[in-house]
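Q: Protein chains in written order, with the numbering used here: chain A, 1 to 400; chain B, 1 to 212.
Derived from the structure by calculation, the hints contain no laboratory data.
Even for Gly, the Cβ is constructed at its ideal location relative to N, Cα and C.
Hints may be right or wrong, so weigh each one.
Which residues of chain B face chain A? A partial, calculated answer using Cβ under 7 angstroms [to be verified]:
hint, residue
1, T32
2, W52
3, Y129
4, S130
5, V175
6, P177
7, Y199
Okay, derived cross-link-like pairs now, EDC-like style, lysine to aspartate or glutamate, Cα gap no bigger than 16 angstroms in a straight line [stated by the list, open to error]:
hint, chain 1, residue 1, chain 2, residue 2
8, A, K313, A, E237
9, B, K155, B, E189
10, B, K126, A, E191
11, B, K195, A, E191
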Amino acid sequence: MSRHLIIILISISFLFSLSAQETNPTKSKVIKESSPIDADFLFHYYKQDGDNSAVTGGTGTEKLTDIATQIIVNVPLDSVSQLKVSAGFNYYTSASTDNIDLNVSSASRDDYRGQFNFDYTQKNPARKYYYGFVAGGSSETDYISISIGGKWGIKSGDGNRGVDLLAQAFFDKWMIILPDELRIINQDRIETDNRRSYYFSVTYFQVLTKRLQSSLTTEFVYQHGLLSTPFHRTFFENSIIPKVEKLPNERFKFPVGLRLHYFWGDRIVMRLFYRYYYDDFGIRANTINIETPLKISNYFTIYPFYRYHTQTKSNYFQEFGRHQITEDYFTSDFDLSAFYSHKLGIGFKYSPLFGITQLKMGNSKKVLNLKSFNLRYANYQREDGLRTFLISTDFSFTIF
Amino acid sequence: MKIIYFLLILISGAVCQTNQNLQIEILSGVETGWWVYDKGSTEESTPNNLGWDRTRHRAFLPTEINAFYKIHRYKIGLGVNHSWFLENTMLSSSDTYFFPNRYPVSESTVKIFKLYFQSEIDLVQKPKYSLSPVIKFGFFNIDTNHPEKDNFGTKSFWGFGITNQIKLSKITLIVRPVLYWLTIQPKIEKVYHEKHNIYSIGLNVGLRFSLF
Chain A
1 MSRHLIIILI
11 SISFLFSLSA
21 QETNPTKSKV
31 IKESSPIDAD
41 FLFHYYKQDG
51 DNSAVTGGTG
61 TEKLTDIATQ
71 IIVNVPLDSV
81 SQLKVSAGFN
91 YYTSASTDNI
101 DLNVSSASRD
111 DYRGQFNFDY
121 TQKNPARKYY
131 YGFVAGGSSE
141 TDYISISIGG
151 KWGIKSGDGN
161 RGVDLLAQAF
171 FDKWMIILPD
181 ELRIINQDRI
191 ETDNRRSYYF
201 SVTYFQVLTK
211 RLQSSLTTEF
221 VYQHGLLSTP
231 FHRTFFENSI
241 IPKVEKLPNE
251 RFKFPVGLRL
261 HYFWGDRIVM
271 RLFYRYYYDD
281 FGIRANTINI
291 ETPLKISNYF
301 TIYPFYRYHT
311 QTKSNYFQEF
321 GRHQITEDYF
331 TSDFDLSAFY
341 SHKLGIGFKY
351 SPLFGITQLK
361 MGNSKKVLNL
371 KSFNLRYANY
381 QREDGLRTFL
391 ISTDFSFTIF
Chain B
1 MKIIYFLLIL
11 ISGAVCQTNQ
21 NLQIEILSGV
31 ETGWWVYDKG
41 STEESTPNNL
51 GWDRTRHRAF
61 LPTEINAFYK
71 IHRYKIGLGV
81 NHSWFLENTM
91 LSSSDTYFFP
101 NRYPVSESTV
111 KIFKLYFQSE
121 IDLVQKPKYS
131 LSPVIKFGFF
141 NIDTNHPEKD
151 NFGTKSFWGF
161 GITNQIKLSK
171 ITLIVRPVLY
181 WLTIQPKIEK
191 VYHEKHNIYS
201 IGLNVGLRFS
211 LF
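Bound-form chain A, shown alone (with noise of 0.2 angstroms):
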C-alpha cells in the first residue's frame, strides 16, 4: 500500500506544486471578512429488515438499525478558491453481523464507523476553468480506509457547456475476521487484507435550451485484492460445512449515466437520472430515478422521489445450500443476485429568503443564519424481501 501511496502523493504534490505557481496567494483576491461560510449538520435514521443475510449464507435476519450524524462545511478561502471539509459519526447494530460469532448479542452486535473527508477547489474565472483535489478516510471495526484524488473541469465561454474529470484511489486494510465455527477447520486460508480501488469519471454537462439542461457521466471502477466480505458463509449442496464466501480478486465496474433537468414554469421541476451498470462479476443493471421539486410558495418546496432498480445476477450468486463444491468462486450476498427494488420517498424544504433564524455569535460582528431545513423520508423494497425506512434531516447554516 505505501508505495503506491508515495507514487501518487508524490505524483499529486507535483501536480499542484506546479498548478499552485499560478495562485500565488499574494495575487490572489483576498476574501473579505463578510464572506459566508456554509454549514450543514445532518443526521438520519436508517433501518432494514430482511430474511437473506449474507453472514448466515443467504437465510436469515438482516435487521439493522443505523443513526448518523454528519456536518459538512463549505470555507471560501478566497474569491478562487474553496475548501470543503465533511466529518461523520455511524453507530449502527446489526443482528446479522451478531451472528459472525455463536454468541447471540456479542460484540459484533453493534458498530461504529467514522470518517472525514477534504475537497479542495481552485477556480481560474479568466480560463473558466478549475482544478482541486480530494482526500479522504474512514474506519470501522474491521476495516481501515484512506482515499486521495484529483479534479479537473473546465466551462464554455457562455458556461452552457463543459466537461468535470474525477480521479480517487482507496486504499483499504481489512481485519480478517472469520465465522466462529471456520476459525478451527483448516480451508483455503484468506490471501491478503487489502483492497484497492481506482475510480476515474467523466462527466459531460450540457444546457439544451433554456428549461433542459443535461448531463452523461461515464465511470471507469478498478478494483483488485480482497473483495469478498470474510465473515459471509457460504452453504453448498450435499455438504453441511459452510465456507468463507470467496470471490475473485479484481473487478471491473462500468457505470453510465444521464441526468436531465426540465424546468417547467418556476415552480415545478422534473429531474431524471437513467444509469446503466456493467461489471465483470455478471452484474447488469438499469436504474431509473425520478424527483419532481414543486414549489409551493416562495419559501416551502416539496419534492416526492421514485426509483426503480433491476439487475441480473452475479456469475458467483448461489441461494442457500445451492452451491456446488467444486465451484471456485462462491457467494450467498443477495446484493449480488438478481432482483428489482423500488424506492419511494418524499421531502420537504422550508428555506425563507433571509433565512429562518438568525443568531449573532458571541462578541464578534459575525452572524449564525439558519438558512433551511430539510426533511427526506424514503421506503425501500426488494423483490427478495429486503425492507429500508430512512429518515433525514439536514439543518443548513450560513456564517457571514
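On the provided structure of chain A, position chain B as indicated by the hints.
A: This is chain B only, laid out in the frame that chain A set:
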C-alpha cells in the same frame, strides 16, 4: 525517550537562533486501529496460509513533537511520537467464542515510540490557512509482552497526513488527519512472509510556532 525529546528541542532551539524558517509543533489526538500478526506461510507462493492473530480494534493515544525546516513551499524535518495503544490481548486466528485462544501482549497498554524523518509540501497557501500533505518514515520501539518479541527485528513505519494550518496571531493551529502503517520484520523468518503490522488512522490536533 525523554532524552530524545529533550535533544530534539535542544537542537531545534539551537538552529532557531540563526534561522526563522524552523518551526516546532506539538500535537496530540486520538487514533484507532489494530495490530495483526501475519504468521506467514510454509510455502513461498501461498502467503498467509498459517493465519493471522490480531488484537481488537482499539484506540491509540498519541503525543508528538515535530521540528520542520522550511524551504519555499517544502518543509523537511524530524519528529518523535509516543503512543499508547489501549489493548492488552491478541486473539489467535483460531480463537472462537466457546474455545478462546488468546494471549497477552501487555499488562495494560502497548507503548510505541517512533522516531522519524518527514516532509511536507504546501499545496494551498492562503493568508490565514494552508493545507499540506505530510509523509513520514522512521523507526519505532515497542513495549510489549508479545510471545514473539525476542524475534522482533527491524521495526519501521510509514505515516501519511494532511496538515491543515490555521493561523492564529503568532501561533498556528494544526489539524491533521493521519494514517500510520507500522511493520515488524522477524529477526529469523521461521516461515515465509511472517511479519507484524500495526495500522491506525485518526486525528491529531496541536500548535505550531516559529522560534526566534
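Q: If a hint holds in the structure, say so; if it does not, say that too.
A: Taking the hints in turn, this is what the structure says about them:
no., hint, result
1, T32, "5 angstroms, holds"
2, W52, "5 angstroms, holds"
3, Y129, "6 angstroms, holds"
4, S130, "9 angstroms, violated"
5, V175, "9 angstroms, violated"
6, P177, "6 angstroms, holds"
7, Y199, "5 angstroms, holds"
8, K313/A / E237/A, "19 angstroms, violated"
9, K155/B / E189/B, "14 angstroms, holds"
10, K126/B / E191/A, "46 angstroms, violated"
11, K195/B / E191/A, "14 angstroms, holds"
This entry does not satisfy hints 4, 5, 8 and 10, going by the numbered hints stated previously.
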